[in-house]
Structure formats: C-alpha cells, structure tokens
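Peer 1: Given next are the chains, with one letter for each unit.
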Amino acid sequence: MPPVTLHLKQVANALIEPFDLSLEPGRICCISGASGSGKSRLLRAVADLEPHAGAVLLDDLEQQRLPADQWRQRVRLVPAESQWWFDRVGEHFPAHYDGAGLEALGLPAQALEWQVSRLSSGEKQRLGLLRALAFPLQVLLLDEPCANLDGEATRRVEALLLARIRAEGWPVIWVAHDPAQIRRVADYRFQIKQKRLVEVTDGCD
Amino acid sequence: MGVIEISWWQLSLAFGLVLLLALLAWLARLGVSRSLLIASVRTVVQLFLIGLVLELLFSVGTLLWVSVLAVAMLLLAGREVMARQQRRFSGGWAYSIGTAAMFVSSFSIAVITLLVLVGPDPWYRPQYAIPLLGMLLGNTMTGVALGLDRLTEGAWQQRAQIENRLMLGQNWKQALGPIQREAMRAGMIPSINAMAAAGIISLPGMMTGQILAGTAPALAVKYQILIMLIITLGSGLGVMLAVLAGGWRLFDQRQRLRMDRLEMRAR
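Going line by line, the protein sequences match chains A and B.
For the first sequence, our numbering gives the first residue as 1, with consecutive numbering after it.
For the second sequence, our numbering gives the first residue as 1001, with consecutive numbering after it.
Read the hints as simulated data drawn from the structure, not as lab findings.
If you're wondering where the values come from, they're calculated on a predicted model, not measured in any experiment.
One or more of the hints may lead you astray.
What the hints assert, rightly or not - Quick partial rundown of chain B residues pointing at chain A, CB under 10 Å, derived from the structure:
1. Ile1162
2. Pro1178
3. Arg1181
Stated by the list, open to error - From chain B, some residues computed to sit far from chain A (all C-beta separations above 10 Å):
4. Phe1015
5. Ser1040
6. Phe1048
7. Val1053
8. Ser1067
9. Leu1075
10. Val1111
11. Met1135
12. Ala1160
13. Glu1163
14. Arg1165
15. Met1228
16. Asp1252
17. Arg1254
18. Leu1257
Built from N, CA and C at the ideal position, the CB exists for glycine as well.
My request is simple: use the sequences and hints to build the entire structure.
Peer 2: Set out below in structure tokens:
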C-alpha cells in the first residue's frame, strides 16, 4: 500500500480533550502517560474501535467514508496483549507469510508450528507483532509493543520496527513507558497530562 | 374408553409428598426448598387457571380469542427468555430479540402445521392450535434463551479476541462467527437430544397423555413424531434468528464491539 500522511483533527473522547496531530510517512510519534490516562483509548479511536469525536484522515480520505473493516485493514492497531484463537500459531498468519522477521526477533522458524496454549507472554507479544505486520497496512498503532520483553528482545523489536517503518513509510503512533526507549525511537514525543495531549520538549520526561 | 377421574384429594396427596421432599431438602440444607415450594404452588395455580381458560376458549372457539391467547403466550415466553439470561441486551432489546425470533419461528410453523399437516376444521380450532403452539413456544423458548445466553456470555468472555480479529481487518461477521455458531449449536442441542432419546429413554409427555386418554398408540406415536419434528424445526429456526439478530446488535454501524449494550442481570 502507498505511504500516507495520518491526520487527527479535534479528536477527543471521555479521557482526552480535542487535539490535532499530523504524522508524515515514516514518522514515529511516541505517547506516554500515567496508566488510565487514555493512551490505549486514543489508539482505539484512531482504529475506530470505539466511539470518539473529531476526524481521522489518511491523506484526505476520511475514516467514516470507508467501511470500518477496510479502515482497519489500513490502520493496524497492535494491542499490548495479543489474542490467539486457533490451535497453531501459523494458522493466524496469512497463507503467503514466509516467516519474515522471526529470526530478527530471536524466534525459530518452527515457531509457526507451536501450540498457542504453550506460548509465553513474551513469545505472544513478538508473534502478535509479526502477525500484525504480516497483513498489508498503511498506518501502525503500537500499544506498548515491548511490555513483556527483556532488554535483549526489546532491542530486537525496536530494530525490526525501525527498519520496517523506514522501508514502508508507515506513520506510527507508539505508546511507550520507558523514557530511554522513547528517546531511541521517537521523532515526536507527547504526553497525556490532565486530559491534554502535550508535546514533550527535551530534558523533561 | 373414558379417562379415570382424578379427584382433588388425590392431587393433594401428591402435593403432600412434594412437601415432604421440600422438608428433606431443607434438612439436607440444599437451599432449594423455597424455590421448590414456590414452583410447585405455581404449577398448581397456573395449570388450574389455564384449564379454566381452555374450557372457556373451547366453548367459544373464535379466531379472535385463539389469537389473543396465542399472543399472551408469546409475550410471557418472551419474558421468560429474558429472565434466563445472565448478561443481556439493555433497553428492551433482550425482550424484543427473543420475542420476535419466537414469533417468526413458532407462529409460522404452527400455522403451516395446522393448515397443511394436521388440517383441523376450522384450521385454528383451539383443541389443536393452542396445545400445538404451546409445545412449540415452550421448546423454542428454551432454545432461544440458551442461544442468546451463550452468545452474550461468549462475546463477553472473548471480547479481547473479537477485537483483535477486528484489528487485523476482519469484519464483524468474521470476528463473531465462531461464537455465533457455538451459540446456535448450543440452542439446538436440547431438541436434537430429545429426538434421539424419544421412545428409548423417555416416553414423551404428549404421547403418554394421548394414550392415557384412550388414543390408539399407533396414532399417538404419529402425533408425537409430528410434534418432535416441528419442535426441532421451530426451535432451530428461532435460535438461528435470535442469535443472528443478537450478533447484529453487538456491533454498531462502524463494526465496533459494543459491550456497553449488555447489562449484567441484578442478582
């Protein structure tokens, strides 16, 4: 899918007051904030998973003008906890998936044959991310993609994401906690404070 | 052959034995004595009243009064469906989805059965129409209640999975499909089981009643077969309709899973 610019215009819900945000292709916007401040719900609004105010656009294509499933085929939200409903990992991937990214994330090629019931939380998180990237997309929304990972796996996920984001030109909203991670990956840094989305300038996290 | 009369004192003897059971349950601290007593009193009162209503109705026998009783039965069945769900649609939807599904399935199948299969004269003759509709509604009610309960409970427990499917670009029908199919299956199983056990494990009530009333077993069996087939038909159709409508109500026009449209029943 061709690169697009993501526009949020006066987007708001019960937890966040109206704000504007535009992200060009390949740009990463990190959002942090106390738990319960509405970070995940902001991502859900962009993916149109819950009612919200304001407009979300891909270039000049308005969210509400596409059928919701087609919107989410373009705007991919990766939840903090991935869900699995078939027996084997591989059944959740598109038929043409060739195992791209498994090795980069420290997973063996046989991981696709693994039983879902035996996955650890870290394996679920990495496989959930690969699954989300295995389907075509234009905008990436990440909800703490490294929440269940150790330092080594975190670096691997960051490296894979940065490479793919640059190559594909996805605008990205990345919800993160770790200030060091935010410094490593972010082009723009925002924080949710008292229901407002405010840009973070250097030196204060 | 006439039917042997049962007198009121013979019935009260049976009732006395149920009281004894309630006492036993109370001594064993099963915690069901109260509901056992209430239910048995309800049985006596409700059946006695419907007996009066039926005697009256049979003596009048007009389409208008048959319809009035049929609608009353439908509305009560709708209430019962709603009461049997733990997590149900709010704002009257639980009632209307269940009732509408039962109306479409039970009424249409009752009318077809009366017109084409049994053919009494007139077709709405209350001796045929009311018991037929009663059996259809009673069983469809069970199926619809089970199906809707499974649907809402399944959607609640697997809401994260449904949403994850949506996030990957599936539409709501794909995301809910497995839960819907499971709910339909659950709602259809009682009537399938009843058919499988009929005549071997259980002698169905209607057939037993007809035989007691002096009908030849061969004819009673034919009626029973007809009833079991249309019950399966009615409840199967009712469950499918209710679960389809319920699934549709779980999502809004943007295909978002709307758990806020369900409410937990106050206990």
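Peer 1: Each of the hints needs a verdict: does it hold here or not?
Peer 2: Going through the hints against the structure:
The interface hint given for B:Ile1162 holds, since its Cβ lies 9 Å from the closest Cβ of chain A, which is under the 10 Å cut-off. The beta carbon of B:Pro1178 is positioned within 10 Å of a beta carbon in chain A (closest approach about 7 Å), and the interface hint is therefore held. About 13 Å separates the beta-carbon of B:Arg1181 from the nearest beta-carbon of chain A, more than 10 Å, and the hint is not met. Non-interface call for B:Phe1015 relative to chain A: holds, since the shortest CB-CB distance, roughly 52 Å, exceeds 10 Å.
Non-interface call for B:Ser1040 relative to chain A: holds, since the shortest CB-CB distance, roughly 45 Å, exceeds 10 Å. Listed as a non-interface residue, B:Phe1048 keeps its Cβ farther than 10 Å from every Cβ of chain A; the least gap is roughly 52 Å. The Cβ of B:Val1053 sits about 48 Å from the closest Cβ of chain A, beyond the 10 Å cut-off, so the non-interface label holds. The claim that B:Ser1067 is not at the interface with chain A holds, since no C-beta of that chain comes within 10 Å of its own (minimum 42 Å).
At roughly 34 Å from the closest C-beta of chain A, the C-beta of B:Leu1075 stays outside 10 Å, upholding its exclusion from the interface. The beta carbon of B:Val1111 is kept farther than 10 Å from every beta carbon of chain A, the shortest such distance being approximately 39 Å. Every Cβ of chain A is farther than 10 Å from the Cβ of B:Met1135; the closest lies at roughly 39 Å, confirming the non-interface assignment. Separation of B:Ala1160 from chain A is inadequate, the least Cβ-Cβ distance of about 5 Å not exceeding the 10 Å criterion.
Distance to chain A contradicts B:Glu1163 as a non-interface residue, since its nearest Cβ pair spans about 6 Å, not more than 10 Å. The beta carbon of B:Arg1165 sits about 8 Å from the closest Cβ of chain A, which is not more than 10 Å, so the claim that it is off the interface is violated. Here B:Met1228 stays apart from chain A, with its beta-carbon at least about 36 Å from theirs, past the 10 Å limit. A Cβ of chain A approaches the Cβ of B:Asp1252 within 10 Å, the least distance being about 8 Å, so the stated non-interface status is violated.
Remark: the non-interface label on B:Arg1254 conflicts with the geometry, its nearest Cβ contact in chain A lying 4 Å away (cut-off 10 Å). Its beta-carbon lying about 8 Å from the closest one in chain A, B:Leu1257 breaks the requirement of being farther than 10 Å from that chain.
Of the numbered hints listed earlier, those contradicted by the structure are 3, 12, 13, 14, 16, 17 and 18.
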